[in-house]
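Trainee: If you read the sequences in order, they're chains A and B. The first sequence begins at 1 in UniProt numbering and counts up one residue at a time. The second sequence begins at 1 in UniProt numbering and counts up one residue at a time.
Mixed in with the good hints there might be a few duds.
[What the hints assert, rightly or not] Away from chain A, derived, C-beta distances all over 12 Å, residues of chain B:
(1) 63
(2) 96
(3) 111
(4) 176
[Unchecked claim] Computed list of lysine-lysine pairs in DSSO-like fashion (alpha-carbon distance at most 27 Å, straight line):
(5) A:218 x B:25
(6) B:84 x B:25
(7) B:106 x B:123
(8) B:84 x A:217
(9) A:170 x B:111
(10) B:118 x B:95
(11) A:217 x B:111
(12) B:123 x A:217
(13) B:84 x A:170
Treat the hints as calculated values from the structure; they're not laboratory data. Just so we're clear, the structure is a prediction, and the values are computed from it rather than from any experiment. Just so it is clear, CB atoms sit at the ideal spot from N, CA and C, and this is done for glycine as well.
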Amino acid sequence: MIKEFLEYNFLQNALISAILASIVCGIIGTIIIEKRLVMMSGGIAHTSFGGIGLGYLLGIEPIIGGLLFAILAALGITSINKKTRTNSDALIGMFWAVGMALGIIFIALTPGYPPDLTSYLFGDILAVSKIGIKLMIVLDLIIGFIIVSLYNYWKAFLFDEEFLKVLGIKVTLLEYLLFILIALAIVVLIKVVGIILVIALLTIPPSVAKFYTYDFKKLMILATLLGIVFCILGLIISYQFNIPSGATIIIVSAIVYLLGSLFKGGNLVK
Amino acid sequence: MCQVEVKNVSVHYGNVCALNGVNLKIKKGDFLGIIGPNGGGKTTLLKVILGLTKPSSGKVIKKNGTTISYVPQFSSFSRGFPIKVLDVILMGRLKKGINFFHRYSKEDIEKADYIMEKLQISKFRDRQIGQLSGGQLQKVLIARALAVEPNILLLDEPTASLDTNSKTEIYQLLKSINKDVTVVLVSHDIGTISSYVKSIACINQSLFYHGKTELSRESIEKTYGCPIDLVAHGFPHRVLRKHEENGND
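Whole structure, please, built from the sequences with the hints as guidance.
Mentor: Rendered as structure tokens:
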């Protein structure tokens, strides 16, 4: 297997994408779990499908369309939620389905043969292009910079945002920024595990990490390392048995979580 | 000397009236207890004073140089959040505005350590907050509020889920804090509160202020809307005379 990694370009690309994706799921995953934004993230991911469809229709890189829709969904859900009395759960549901519906319509309108969407829905780490990797690097850098440079604020915001408000810190700004970061993170992960499986990669590594530490920083780092292990392990298994990589990564992660919860669960305070 | 003045404040949530024409002056050095039934608007009043809730009418006037700090209810955050005691207290050292690459200074950490020492919680410095008892966690929240270096400390039901011993400990702590800081707390725990506070206000949409801690039975009954038997638990002294049998229903 090592020989193949050295030989084949697409395997090297897959390895790099695994690492880039894992950094994102370590950082953002930990945040969305602590802030209870898992469903929100699922909603953003599915809405981005509309953008991918639009990308095909307009003949631009589909993932750029996806990125646009993901950001619009994140901002849309929050601002509509603030202005109306519809609760965010219901809004997430609407965005979720409307995004998918738009995607299907846009693709139907696209002239010529319909494109193969499986790689967007279920991910294909072996098919990540050079441009895809460059985009992932840029998004990783943005996410990393914003989280690291405002680390103390994030920690305080996630723990008790009301207290930050009392201190006179603009919580709304942090809130919107966080949603944009989630949107960026999802776009990074779509290439690896796909829209439908994104939530698993965002939630499983931090949940496993939570068995071993309750330090916020260590949680992020450990979740990142776990993500890398899961992705590479999943990649190798899927390559060996010729099964879909995204799904394999998720199953590997879930098995580790299961083992972790059996042996380690309950050792730390919930 | 009045640090904060609440002027004719009303708050409506849709059709529900939470506060109705409330007037209140918070005087420097006071230890004010605001009591009232659940849903009586206690928390709303605190949030209006803190600027978290905008009043539908009326206003809150703060004297220049007044820094208000806040001890929330436990339910406002997750106790399972991965954060250490020291980091919780350091939150109080964050200043207005957002600075990139903000790091807590040596002075901030010394201040936090000093407060922990004073509140006798230094031994929990590196514990995750989920590993603390209710009384210990309450002290951590008070420490965080003090790290802001406020002149007014607002507390929302600080003893709601504590046992009698921890309650007494918290009240005694607040009493000593009150030497330098104005303390305002809301509670439905009428008995214990009245043996510590200097003045009392009763709230149930409207507010009835009593300068002294001696509560009249009428004002309590007006607040709660029914006759009430007042007993100070945990202490030998009874705050109010006992409510007679077969009282006016």
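Trainee: What's the verdict on residue 106 (chain B) and residue 123 (chain B), does the C-alpha distance respect the 27 Å limit or exceed it?
Mentor: Holds, at about 19 Å.
Trainee: Taking only the CA atoms, is the gap from residue 84 (chain B) to residue 217 (chain A) under or equal to 27 Å?
Mentor: holds, 11 Å
Trainee: With the threshold set at 27 Å, check whether the alpha-carbon distance from residue 84 (chain B) to residue 25 (chain B) stays at or below it.
Mentor: This hinted pair is violated, its Cα atoms lying about 37 Å apart.
Trainee: Taking 12 Å as the cut and beta carbons as the points, is residue 176 (chain B) off the interface with chain A?
Mentor: holds, 23 Å
Trainee: For residue 111 (chain B), is the shortest CB-to-CB distance to chain A above 12 Å, so the non-interface label stands?
Mentor: Consistent with the label, residue 111 (chain B) stays out of reach of chain A, its closest Cβ about 15 Å off (over 12 Å).
Trainee: Would you check the hint for residue 217 (chain A) and residue 111 (chain B), treating anything up to 27 Å between C-alpha atoms as holding?
Mentor: Holds, at roughly 23 Å.
Trainee: Given the proposed pairing of residue 170 (chain A) with residue 111 (chain B), does the C-alpha separation stay at or below 27 Å?
Mentor: holds, 24 Å
Trainee: Under the criterion that the straight-line Cα-Cα distance not exceed 27 Å, is the pair residue 84 (chain B), residue 170 (chain A) satisfied?
Mentor: holds, 24 Å
Trainee: Is residue 218 (chain A) within 27 Å of residue 25 (chain B), Cα to Cα?
Mentor: violated, 47 Å
Trainee: Check whether the Cα positions of residue 118 (chain B) and residue 95 (chain B) lie no farther apart than 27 Å.
Mentor: The hint holds at about 23 Å.
Trainee: Regarding the assertion that residue 63 (chain B) does not contact chain A, is the least Cβ-Cβ distance greater than 12 Å?
Mentor: holds, 17 Å
Trainee: Against chain A, does residue 96 (chain B) hold up as non-interface, every C-beta pair farther apart than 12 Å?
Mentor: violated, 4 Å
The structure fails to meet hints 2, 5 and 6 from the earlier list, while all remaining hints are met.
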